[in-house]
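Trainee: First to last, the protein sequences are chains A and B.
For the record, in the first sequence the residue sitting at position 289 is 583 according to our numbering, with numbers rising by one throughout.
For the record, in the second sequence the residue sitting at position 164 is 191 according to our numbering, with numbers rising by one throughout.
Quick caveat, the hints were computed from the structure, so don't treat them as lab data.
Keep in mind the model is a prediction, meaning the values are calculated, not measured.
Certain hints may be false.
Claimed, not checked - Computed list of lysine-lysine pairs in DSS-like fashion (alpha-carbon distance at most 30 Å, straight line):
id: 1; chain 1: A; residue 1: LYS598; chain 2: B; residue 2: LYS233
id: 2; chain 1: B; residue 1: LYS265; chain 2: B; residue 2: LYS84
id: 3; chain 1: B; residue 1: LYS59; chain 2: B; residue 2: LYS118
id: 4; chain 1: B; residue 1: LYS233; chain 2: B; residue 2: LYS77
id: 5; chain 1: B; residue 1: LYS233; chain 2: B; residue 2: LYS219
id: 6; chain 1: B; residue 1: LYS270; chain 2: A; residue 2: LYS598
id: 7; chain 1: B; residue 1: LYS288; chain 2: B; residue 2: LYS278
id: 8; chain 1: A; residue 1: LYS598; chain 2: B; residue 2: LYS77
id: 9; chain 1: A; residue 1: LYS515; chain 2: B; residue 2: LYS233
id: 10; chain 1: B; residue 1: LYS278; chain 2: B; residue 2: LYS265
id: 11; chain 1: B; residue 1: LYS225; chain 2: B; residue 2: LYS77
id: 12; chain 1: A; residue 1: LYS598; chain 2: B; residue 2: LYS118
id: 13; chain 1: A; residue 1: LYS598; chain 2: A; residue 2: LYS515
id: 14; chain 1: B; residue 1: LYS77; chain 2: B; residue 2: LYS219
id: 15; chain 1: B; residue 1: LYS265; chain 2: A; residue 2: LYS598
id: 16; chain 1: B; residue 1: LYS270; chain 2: B; residue 2: LYS233
id: 17; chain 1: B; residue 1: LYS225; chain 2: B; residue 2: LYS59
id: 18; chain 1: B; residue 1: LYS233; chain 2: B; residue 2: LYS59
id: 19; chain 1: B; residue 1: LYS59; chain 2: B; residue 2: LYS219
id: 20; chain 1: B; residue 1: LYS84; chain 2: B; residue 2: LYS233
id: 21; chain 1: B; residue 1: LYS270; chain 2: B; residue 2: LYS118
id: 22; chain 1: A; residue 1: LYS515; chain 2: B; residue 2: LYS219
id: 23; chain 1: B; residue 1: LYS265; chain 2: B; residue 2: LYS288
id: 24; chain 1: B; residue 1: LYS77; chain 2: A; residue 2: LYS515
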Amino acid sequence: MTGPVFVIVELRNGAPVRSSLEALGAGRRLAGPPGTTPVIALLLGSAVESAAAHVAERGADQVLTIVDPRFDSFQAAVWSAAITALAQELGVIAVLLAGTAHGRQLVGRLAARWGAAAVTGIADISISNDGAMLAVRPVFSGRALQEVRVDAPRVVLGLRPNAFPPPEPSGSKAPVLAHATPELGKLPALGHVSGFETAQSASGPDLSEATVIVSGGRGLKGPENFRMLDELAASLGGAVGASRAVTDSGWKPAALQIGQTGRTVSPQLYIAIGISGAIQHLVGMISSRTIVAINSDPGAPIFKVADYGIVGDLFQIVPALTSEVRRVRGS
Amino acid sequence: MELLVLIKPVPDPETRLRPNAAGTDLDTDGVKWVLTGYDESAVEQALLLKEAIPGSKVRAIAFGPAPRTEEILRSALALGCDAATWVEQPKDAAGDPMLAAEALAAACQNVPFDLILSGKQALDDEAGLVGPAVAERLGVADYGPVVDLRWDAAANQFTFARAIEGGLERMVAPPPLVVGLQQAWNDPRTAKLQNVLKARRIAIDKVTWANPPPGVGPAAPGTHVAAFRLPPPRTGAKMIEYKTPEEAAQKLVRLLREEAKTLP
Ligand SMILES: Cc1cc2nc3c(=O)[nH]c(=O)nc-3n(C[C@H](O)[C@H](O)[C@H](O)COP(=O)(O)OP(=O)(O)OC[C@H]3O[C@@H](n4cnc5c(N)ncnc54)[C@H](O)[C@@H]3O)c2cc1C
Ligand SMILES: Nc1ncnc2c1ncn2[C@@H]1O[C@H](COP(=O)(O)O)[C@@H](O)[C@H]1O
């Protein structure tokens with residue numbers, strides 16, 4: 295490979311989001327060991343300093359900042375103009391984007407502007423013997439896998455959350471350089487952000503970023519019993535999700551529904567509690583790494599897709615599980 | 028208001044997936060093609076806006092091969108869209124989303140629009156590329172994943188929210204605009220029989236994609252699918268035997284730590 299790899303680092307409250315650190319890990323994997331193909335982390339916005347220092351110790355060869363308030367809110371049109379200009383200036387061959395809502399929105403626009411190929415939802419990435427890039431991406435809600443070969447001179451890569459480990463601090467510090475805002479050209483009429491509403495389950499991580507999801511179904515019998523799931527999720531540092539039976543009954547907000555008409559998630563660990571495992575639910579969680587099912591009905595279809603199953607009364611199993619997790623994690 | 032909605036025929040979600048003989052794509056033999064997922068939401072949202080804004084028209088646009096593309100345009104007309112454009116996909120052209128975006132942007136260039144709605148992602152390839160790439164080619168702003176979209180006539184702008192990690196980012200934006208819909212109505216409308224019959228008589232505007240870029244053939248520019256396969260089948264759960272709930276919990280935690288290595 296000839297030319298640097300860009301990793302765009304997205305910030306929330308001044309800190310890099312986890313998915314962007316995962317993208318740094320993927321960038322390092324793609325570029326090879328430090329000193330070969332350079333990995334450049336790019337941060338845009340008015341307050342990027344402390345985040346830049348953070349990523350300088352995590353796998354980047356160089357950190358570039360563009361300090362400009364026009365990037366404080368995410369505008370795909372503005373970001374793609376700036377990144378394209380910079381990528382052209384520096385002869386970049388690949389741009390990696392985090393699997394966040396904004397990252398996903400940027401891939402197609404940036405690729406169209408930069409004249410690059412595009413691959414999204416990447417769960418694994420490697421270089422073939424003949425030097426081409428190979429990306430594995432789940433499709434059809436994780437029911438099939440595509441292996442995409444990239445032969446283009448330029449490519450924009452969108453990553454799946456939770457697929458790549460974020461790099462550990464390396465002990466060395468990459469140089470941080472400020473770069474002037476590149477010429478953005480003619481921009482379209484833009485909208486602007488008028489406010490932010492925090493999701494109702496604001497305590498834990500968001501479903502799409504959570505490494506652990508504890509999900510409840512009709513077997514919970516009522517909204518008050520979700521406290522039990524909140525506690526289990528908290529003990530694991532995870533988030534709570536729900537089946538449609540639960541959101542339709544108003545026990546939990548629709549934003550927490552997982553499945554065909556809800557969210558698609560792919561955590562490391564998905565614990566389905568009192569969920570039967572209807573196909574419309576399964577398509578939303580089947581690509582989770584490890585699936586655990588707790589259900590009183592040994593014939594429940596969820597056991598066909600789970601890795602570990604416990605047949606039993608959730609009202610007895612869940613509190614025991616929470617205590618055991620607290621015990622081993624020392625919390 | 029002129030509303031365009033981009034729809035893609037995708038295999039019925041209940042389809043049993045099988046790779047083709049070459050192992051590079053889905054075996055489409057006997058597949059039923061439908062309008063579904065976020066595209067169904069985009070149509071529903073377009074029709075809700077049309078009902079709310081007097082004098083609005085909705086045009087459905089699809090890029091793809093015969094006969095499935097024409098059929099889903101018919102189903103969009105039966106739901107209440109006023110007009111339809113079919114951009115016929117050359118027989119041997121790949122189904123690459125970046126190419127689809129190019130063809131669709133060319134078709135959108137020839138019709139007036141205030142808003143283009145697409146799905147956040149297609150249910151089959153899940154690329155999420157087409158809407159943003161169309162917006163770039165047309166030189167208009169794009170936002171997604173969008174929920175709660177309305178027209179504020181007094182201020183002459185759209186109001187909506189982007190569903191991002193941790194909450195909803197409320198936004199306002201003037202037309203023209205491209206939005207990718209995330210909102211899923213649990214009960215989008217279904218077509219009435221009389222409208223299905225009426226839709227058969229509406230002429231679909233057919234355009235041939237005249238300018239495929241050089242090299243467009245079975246392989247899309249820059250990328251191609253080298254393999255399409257099914258994930259290893261889940262063999263069924265390892266069932267945990269136990270006498271007390273505490274024992275079940277201990278065994279599960281041990282397996283998650285030592286075998287699956289997915290307990291944080
Ligand atoms: C077009 C369409 C779209 C849909 N989209 C979605 C979607 O996005 N997401 C979704 O989830 N569903 C969706 N559904 C609904 C889906 O078909 C199921 O109806 C739904 O997933 C069932 O939810 P559930 O598993 O919580 O409830 P149930 O099927 O009622 O299962 C409850 C389970 O709890 C178990 N249980 C009961 N008591 C206990 C106890 N004390 N201890 C342990 N276990 C217990 C029971 O054995 C049972 O297996 C959709 C359906 C349609 C038609
Ligand atoms: N061939 C197509 N014809 C019309 N619209 C499409 C086509 N492909 C994708 N789209 C639209 O773009 C969205 C995202 O598709 P994708 O980028 O393939 O995930 C879909 O939900 C559709 O709204």
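Trainee: State the violated hints by number, sorted upward, taking the hints as numbered earlier in the document.
Mentor: When the structure is compared with the hints, numbers 1, 2, 8, 9, 12, 16, 21, 22, 24 turn out to be violated.
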